[in-house]
Structure formats: C-alpha cells, structure tokens
Amino acid sequence: MGCSASLPDRSSGRLVGANSDNGGAPDAKNLRVKLVLLGDSGVGKSCIVLRFVRGQFDPTSKVTVGASFLSQTIALQDSTTVKFEIWDTAGQERYAALAPLYYRGAAVAVVVYDITSPDSFAKAQYWVKELQKHGSPDIIMALVGNKADLHEKREVPAQDGIEYAEKNEMFFIETSAKTADNINQLFEEIAKRLPRPTTS
Amino acid sequence: MEASSASTPSSSVIFYDFLDRMRNPASLDLVRSIKSFIVSFSFYASNPENDSKKVQEFLTTMENTIRDHPLWADATDEEVDSAMEGLEKYVMTKLFSRTFPSSPGDTKLDLEISEKVNLLQSFLKPEHLDIPLVLRNDASWLLAEKELQKINAFKAPREKLLCIMNCCKVISNSLLSAAVSEDHELAGADDFLPVLIYVTIKTNPPQLHSNLRFIQLYRRQAKLVSEAAFYFTNLVSAKTFIVELNAKSLSIDEIEFEESMQAARLTKESIPNESFSTQEVMSTSQGHTDPSTSARRREKQTDGGLNYPYMEAEAGELTVKDVESLLTLYKDVVTKYTTMCRIVRSSSKTESCAPHLEGTTDLLTQTESDTENTNHKGV
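Quick mapping for you: the protein sequence lines, in order, are chains A and B. Quick note on full-length UniProt numbering: the first sequence kicks off at 1 and runs consecutively. Quick note on full-length UniProt numbering: the second sequence kicks off at 1 and runs consecutively.
Among the hints, erroneous ones may be present.
Stated by the list, open to error - Straight-line alpha carbon distances no greater than 35 Å define the calculated DSBU-like cross-link-like pairs of lysine-lysine that follow:
{"no.": "1", "chain 1": "A", "residue 1": "LYS29", "chain 2": "B", "residue 2": "LYS54"}
{"no.": "2", "chain 1": "A", "residue 1": "LYS29", "chain 2": "B", "residue 2": "LYS223"}
{"no.": "3", "chain 1": "B", "residue 1": "LYS94", "chain 2": "A", "residue 2": "LYS129"}
{"no.": "4", "chain 1": "A", "residue 1": "LYS133", "chain 2": "B", "residue 2": "LYS116"}
{"no.": "5", "chain 1": "B", "residue 1": "LYS223", "chain 2": "A", "residue 2": "LYS192"}
{"no.": "6", "chain 1": "B", "residue 1": "LYS239", "chain 2": "B", "residue 2": "LYS223"}
{"no.": "7", "chain 1": "A", "residue 1": "LYS133", "chain 2": "B", "residue 2": "LYS150"}
{"no.": "8", "chain 1": "B", "residue 1": "LYS248", "chain 2": "A", "residue 2": "LYS129"}
{"no.": "9", "chain 1": "B", "residue 1": "LYS108", "chain 2": "B", "residue 2": "LYS146"}
{"no.": "10", "chain 1": "B", "residue 1": "LYS125", "chain 2": "A", "residue 2": "LYS178"}
{"no.": "11", "chain 1": "B", "residue 1": "LYS116", "chain 2": "B", "residue 2": "LYS94"}
{"no.": "12", "chain 1": "B", "residue 1": "LYS53", "chain 2": "B", "residue 2": "LYS331"}
{"no.": "13", "chain 1": "B", "residue 1": "LYS53", "chain 2": "B", "residue 2": "LYS125"}
{"no.": "14", "chain 1": "B", "residue 1": "LYS146", "chain 2": "A", "residue 2": "LYS133"}
Calculated from the structure, these hints are not laboratory results. Since the model is a prediction, treat every value here as computed from it, not as a measurement.
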C-alpha cells in the first residue's frame, strides 16, 4: 500500500529533527530508546517507521535508514531529545519464536495490526501476551491499528482496539502510513511516556 | 563496504596508533597493567563467563585511566575510543587461544550447525523461505556471503563484528535498491531476515556459534549497542533458526525435505568433494550457451541444488554445444549411481558397515578425482 511513494511530511511543527546527536552517551536531556516493532507480516510495520523517519526530514538530523533498522532523533518541547532506535522484526509465523531475541532490553514495544485484518488483530494480542510474560516488566507498549485510510474495508472496529489496549494498560492509536495520519503523534506520545532520569 | 572504512580510520591504522602510543615511555604504567592483566589469566582455568567479566571490567577501568592519562590530555572522545579499540584488539589477540572457541561444547555446536548447513545447501532455494522474486539478487548475495565468510580472518571482536555488519549492510542495501528499482514495497525485517538466513546458509560461515558467542562475550559492551547490536541479533536469530530448522520451518513438503536431507547425507558421505567438481563443470560449460539457458543454469548453481542444469531443459532448447557438458554430467551421474549401489550393497551385507564404508570412501574419492580429470580433458 505504497509507503515508498510517500513524500516527506513536515506538517507537524512540534517535532523537529534534533542535531544534538552526541554519538550515544544518554543523559537526562538526551534519551536513547530501543523500540521494537511487532506484528504480522504485511501490516505495514516498516511503512510506519519510514513515514516517521522521512517525515522528520531535516538536514541537520542524523538519520539511519536501513531496510530493517532505523534511528531517528526528535526534540520535545521541554528541550529533551529522544533518539529512537527502531528494531523491526520479521512478522512471518515461522520466525515467531525468535522475537524474544529482539525485544530483550527494549524500552518500548509497538504492536501493529491492520484494521482490515482480524487475523492480524488476533496476532497483535498474541504479541501483547508474549510481552507481558517475557518482556521487561516496565516496557512501554503501544497498540497501533494501521491502514486507517482503508475505512471502507475496515474489519476491526476502533472500539475493539481501544478496549483491548485499556485492559492491558497500553497506549492506543490508529495510523495510516499512507496518508501519514497520526504517525508523528504515535512517536510523540511514546516519547511523553518515557521515564525520565531524575537527575543528570 | 564504505560503511565501515570511509568514515572511520581502518582497523590497522587504529591499531598501529595504539601500539605507537604504548611504546612511548609515558605509557609505561599502562603497559604494565595490560601485561599483568594478560598474565593474570594463566593462574585460572578458562571459564567463558568469568573471562568475559574480567575483560569487560578491565576495559572499563582502562578507559577511565586513559581518559585521565597525560598522553591523552585534551584527547577527543574519538581518540580515546580509538585507543580503546586498539586495546581491545591487543588484549583479545593475546587471549585468543584461550577464549576462542569458548568451550568444547561450543565447538561441538559449531560442527553440528556446519554439518546441517552443508546438507541444507544442497537443496535449499529462496522460495523455501518465500523470498520474493524481485528481491533475489545473486550478485549482492555473493558479496554478502564473502563479507560473512571473512569472519575467521580476524581475532578482534570488533573486526569479527564488522564482518557481520558488512554482510547485513550489503543485504540491506540490496533490499533498499529493490524497493526503488523494482517498485517493491519496502517490507523491512519481513524481507531482511529470510535473505540473511539464506545468505548464512549459502556461506556456512566457519565456527558460527563460537564467533557469535565470542563477540557477545568480548566486544566492549558500550559498543555492542544500536545498529551493531541489531545486526548482531539478526545473525544470532538466523543461527537459532537454522539450529531449530525442520520441514515445518520451510515452505517445503515434509517428505521432500526428509528425502532431500537424506540424499544430501548420502552424497556427502560418499563423495566429499561433489559440490566442488560439479561447480567446475558448470562454470566451464557456461561460457558457450545462450543467455537465457545459462541464466537458468546459474540460478540452479547458486541454489547449490543437485547441480544438474538440464533437469528443466526442453529438447528443443539444446544445441550441439551442449553435448559435451551433457556427456560429462552423464558420466558424473553414472559414477555416483554405481558407487552408491556399491555402498548400499556392502552396508546391507554386514551389520557393521562402518569399516566397509571407510574403505569405500577412500576409493570413491579416487574415482571422483579420476572423473574430474577426464572432465578437464573433455572440456
């Protein structure tokens, strides 16, 4: 569903590419966050990330674009910067057992499903349970219903997503990687929920 | 790859710079602590976890020492880091024979993986991992294989890790360019991991498990993060997949899988250098065929398969030029078939077939090299 055709989107004024990448050493003002993406193959996990990374396009920001690893630094209003290191995982069933290798040590897990596919929603719930059992106990989880632009084909009501996320204390959002809807909001909300080191 | 060499000074430059500084009389205290650290290992039996902990702690301590050291006064973070890379390389080269492979158990696992991969190589095709046609890129994959194959050429954890990074970046770039040129929607890890698994199987990197464990234990912890950690994890993941692999892990019929594995076992047992000789025949026969058939043959060859390129050929496609290689292949097949019959006969005669097999294997190797010689003369 054409994420590759999308152009950089600069509509969000609140998030700007940060140039304060100091090569690692995280501190109270510069967080470095490992974020793992989980979800069935074909739900558009990588499209969401590409949208996010391209939308943040700024010549001064240090962006790593690989086929499956991306990093992007954003600046928040309180002058904190957050460097997201985004680990994509293979969604095919045959690789399901390998996921713990990837989400080990992750601060954030984004579980993605496709609103036109109930199967992918069931798979998302499987990932949530997995993370609750084996993930780090303070991992921040977001549930994302992607392909929200395809409303005429919707098979998973937004309400189902909202309820499931509430029950599992997750942040919920519906996105469209195609139209860039809610993509920035997703990462902005995650950044807000990150625990801040108390002193630097 | 440019990713590793262009932006950062090369490994040898870093290392010689480090050695130079160590020769400076001002660094005598550092040299002493490094030497006594290395010597201290000889007092203890090797134990991967303890050894790793000691090395990591030592490197952390040394980093602080170097930062405060007069020789590095006003040094930038990069310069200190560079010294640390040199130190890691120096220490781990000195301790290499003790720390690699970590344990006899690891060596056993290395062998098991390598034998399994050897069997898989003989029949595994990209479609068994559902790798889409648009992503198949023999040239890039070969380059990725070469990068990964280099892993045992280095002793320093950083350099071994770089081999993995380079392999992964070649794959990643080939996926990115497929997204642009073939208009294939970028599918991230859904595409990346299967290709990496396929490339790993084609490479059969030496001591895969031990190399991964060594990097995990001895690469400076502050450096096994971010992109490096991601690609490292992917190779660990590929290795795990291969170890657990059975018919259900692949898009292949269960019976076909078992039969292919069995056939591969028989071939490997009886003719150890089979793949070598047939590949030579292939490459020599490829010179004079029209592009369409040779392309198909090349695919067959890189698939490692049973290397019989005419299996899918139509009679109408063949030309007189093909006779030569057909004859060679025919002889190859007949030799293999007759020797296999001999093995089966001799092993069914007696309960203990092992000594017989051993004897026949030697003989077989000879027959095989004879056939090869004839091939060379013929082609």
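Structure-based check of all given hints:
Proposed proximity of A:LYS29 and B:LYS54 is supported: the alpha carbons are some 32 Å apart, at most 35 Å. A distance of roughly 21 Å separates the Cα atoms of A:LYS29 and B:LYS223; the hinted pair therefore holds under the 35 Å criterion. Of the pairs offered as hints, the one joining B:LYS94 and A:LYS129 is violated, with about 46 Å between alpha carbons and a cut-off of 35 Å exceeded. A distance of roughly 32 Å separates the Cα atoms of A:LYS133 and B:LYS116; the hinted pair therefore holds under the 35 Å criterion.
Annotation: proposed proximity of B:LYS223 to A:LYS192 holds, straight-line Cα distance about 27 Å (limit 35 Å). Under the criterion of a C-alpha separation no larger than 35 Å, the hint pairing B:LYS239 with B:LYS223 is consistent with the structure, at around 22 Å. Distance check on the hinted pair: A:LYS133 and B:LYS150 sit about 39 Å apart at the alpha-carbon level, beyond 35 Å; violated. This hinted pair checks out: B:LYS248 and A:LYS129 have alpha carbons roughly 24 Å apart, not beyond 35 Å.
Between the alpha carbons of B:LYS108 and B:LYS146 the distance comes to roughly 24 Å, so the proposed pair stays at or under 35 Å and holds. A C-alpha spacing of about 33 Å is found between B:LYS125 and A:LYS178, which places the hinted pair at or below 35 Å, so the restraint holds. Proposed proximity of B:LYS116 and B:LYS94 is supported: the alpha carbons are some 32 Å apart, at most 35 Å. At most 35 Å may separate the alpha-carbon atoms for a hinted pair to count; B:LYS53 and B:LYS331 exceed this at roughly 58 Å.
Note on B:LYS53 and B:LYS125: the hinted pairing is violated, with a Cα-Cα distance of about 41 Å set against a maximum of 35 Å. Pair hint B:LYS146 plus A:LYS133 does not hold up; C-alpha atoms about 40 Å apart against a cutoff of 35 Å.
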